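Peer 1: Protein chains in written order, with numbering that gives the first Met the number 0: chain A, 0 to 239; chain B, 0 to 239.
Everything labelled a hint here was simulated from the structure, so no lab data went into it.
Careful: at least some of the hints might be erroneous.
Short, incomplete list of chain A residues facing chain B, as computed with Cβ under 10 angstroms [claimed, not checked]:
(1) ALA17
(2) ARG20
(3) ASP164
(4) ASN166
(5) GLU185
The list that follows gives simulated cross-link-like pairs (lysine to any residue, SDA-like), each with its CA atoms no further than 25 angstroms apart [what the hints assert, rightly or not]:
(6) A:LYS65 x B:TYR160
(7) B:LYS143 x B:ASP227
(8) A:LYS65 x A:SER214
(9) A:LYS65 x A:PRO135
(10) B:LYS65 x B:ILE192
(11) B:LYS65 x B:GLY99
(12) A:LYS143 x A:ARG154
(13) A:LYS65 x B:ASP164
(14) A:LYS143 x A:VAL209
(15) B:LYS65 x A:LYS65
(16) B:LYS143 x B:VAL56
(17) B:LYS65 x A:SER214
(18) A:LYS65 x A:SER142
(19) B:LYS65 x A:TYR160
(20) B:LYS65 x A:ARG167
(21) A:LYS65 x B:ARG167
(22) B:LYS65 x A:ASP164
(23) A:LYS65 x A:SER75
(24) A:LYS65 x A:THR215
These figures come from a predicted structure and were not determined experimentally.
Note that beta-carbon positions come from the ideal geometry of N, C-alpha and C, so glycine has one too.
Number of protein chains: 2
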Amino acid sequence: MNEILHTRHYLNASECNAQRRISLPLLVQRLIEIATDHATQLGVGPADLRVNSLAWVLSRLTLEMKAFPSINSYYSLNTWVESINRHFTERCFSITDGDGNPLGYARTVWIAIDLESRRGGDMTDIMAHAPLVAEPCPIARGSKIPTVTAPDLVRSHRFSYCDIDFNRHVNSCRYIEALLNDRDVEFYDSHAITRFEIAYMDEIHYNDLVEIRRSTTGNSSTYEITRDGNPATRARITYS
Amino acid sequence: MNEILHTRHYLNASECNAQRRISLPLLVQRLIEIATDHATQLGVGPADLRVNSLAWVLSRLTLEMKAFPSINSYYSLNTWVESINRHFTERCFSITDGDGNPLGYARTVWIAIDLESRRGGDMTDIMAHAPLVAEPCPIARGSKIPTVTAPDLVRSHRFSYCDIDFNRHVNSCRYIEALLNDRDVEFYDSHAITRFEIAYMDEIHYNDLVEIRRSTTGNSSTYEITRDGNPATRARITYS
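Same shape as in the complex, but just chain A (with noise of 0.2 angstroms):
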């Protein structure tokens, strides 16, 4: 078993986004799947929670990178369980270049939902035999993300068939590609995304009309999804 899953990555061509690095959406996925695979090897992957009809739920990522990894290189994924409560478990990560030099972190936090009530479970139980791992991830948690007041984005938007993941909502690195979707290909080549933050809030399924706001201070944009008012996900991307 191990404490802490280490896995390395090489960034092929035609996975790079229009700046020839990883996209944010595809890093998050990448993670997704190691944090997916390490809690499988500690016996509390989806498979293992499926026979008490429980399910893995992302709440909440937060991800400060230097340097998103570049084309045609190798780069490095850590991941492991910071701590545990009631509630949820704080998952943190670590992202180097390929002689590990640290390129970003993020900290994830993640609930357990009972696919019948919804509800979530006791994570001391499910987590019982989760190795805590005091390894640093320095970058601050995740903040509250206030509803977006004074927009200067509104549109709707509706999630299509290839948005969908394996449990009938949309994927949630398809959320994150509607964020960047509303700047053109030239903004990314002069902005570079050090901060992200988003909290998803309320599943949404396929098909369903959504609103995308966003609001811009300085080099912070706010964003919020809401289906029918209700706040589905809420996001921050701050850029250099």
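Based on these hints, arrange chain B on the given structure of chain A.
Peer 2: Leaving out everything else, chain B in the frame of chain A:
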């Protein structure tokens, strides 16, 4: 040097589509990745070609699947070069389950274009040292896909930031997503893709407005993506 590149993959739950299988776009992404890796092993990867101001372009892909790899299971991919002539090279793939049982096959046609003239290079020079392999790939080559004359669906579409690849064109897989998104999630519960053909005819760029036209006969749909009335991509999807 591997004449046939063999790779083994685990289909993580977080990568699956609503039918709890690998999606067609993600499978095509994996095929492009291992094609790129194999080309690099053979000394004709993107970085090698770039020295001579050349770049690989996927011109055509044909794929037949008995079944797509399913959630939380291993699958394997094999790729090899089947033929080379002045104008293009043919690369084949087999897809097997974790036990080596065939799930499907794919054929691709690649050209190397000069980055300045946008013309094709002489493949017999570029691929002079590549080994040809006479491994069976028992699916019919892609045939000419006709224009769509009597569409049952016409819609306009604009590709967004996250659809753009490192060459600043629409990512090959994002065309496929745009086509699949014309059907709802329930359609795919009752219809499995058994054969897929796509011909990339012209590059589409960020913010290009395109028209997607579809015609359906029996269990087969033909698609055309046009820009300013000119065909950019044609595709055919056959369902069971």
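Peer 1: Could you run down the list of hints and mark each one as holding or not?
Peer 2: Verification of the supplied hints:
no., hint, result
1, ALA17, "4 angstroms, holds"
2, ARG20, "9 angstroms, holds"
3, ASP164, "7 angstroms, holds"
4, ASN166, "9 angstroms, holds"
5, GLU185, "9 angstroms, holds"
6, A:LYS65 x B:TYR160, "22 angstroms, holds"
7, B:LYS143 x B:ASP227, "22 angstroms, holds"
8, A:LYS65 x A:SER214, "24 angstroms, holds"
9, A:LYS65 x A:PRO135, "16 angstroms, holds"
10, B:LYS65 x B:ILE192, "9 angstroms, holds"
11, B:LYS65 x B:GLY99, "14 angstroms, holds"
12, A:LYS143 x A:ARG154, "23 angstroms, holds"
13, A:LYS65 x B:ASP164, "22 angstroms, holds"
14, A:LYS143 x A:VAL209, "21 angstroms, holds"
15, B:LYS65 x A:LYS65, "45 angstroms, violated"
16, B:LYS143 x B:VAL56, "18 angstroms, holds"
17, B:LYS65 x A:SER214, "48 angstroms, violated"
18, A:LYS65 x A:SER142, "20 angstroms, holds"
19, B:LYS65 x A:TYR160, "22 angstroms, holds"
20, B:LYS65 x A:ARG167, "24 angstroms, holds"
21, A:LYS65 x B:ARG167, "24 angstroms, holds"
22, B:LYS65 x A:ASP164, "22 angstroms, holds"
23, A:LYS65 x A:SER75, "15 angstroms, holds"
24, A:LYS65 x A:THR215, "22 angstroms, holds"
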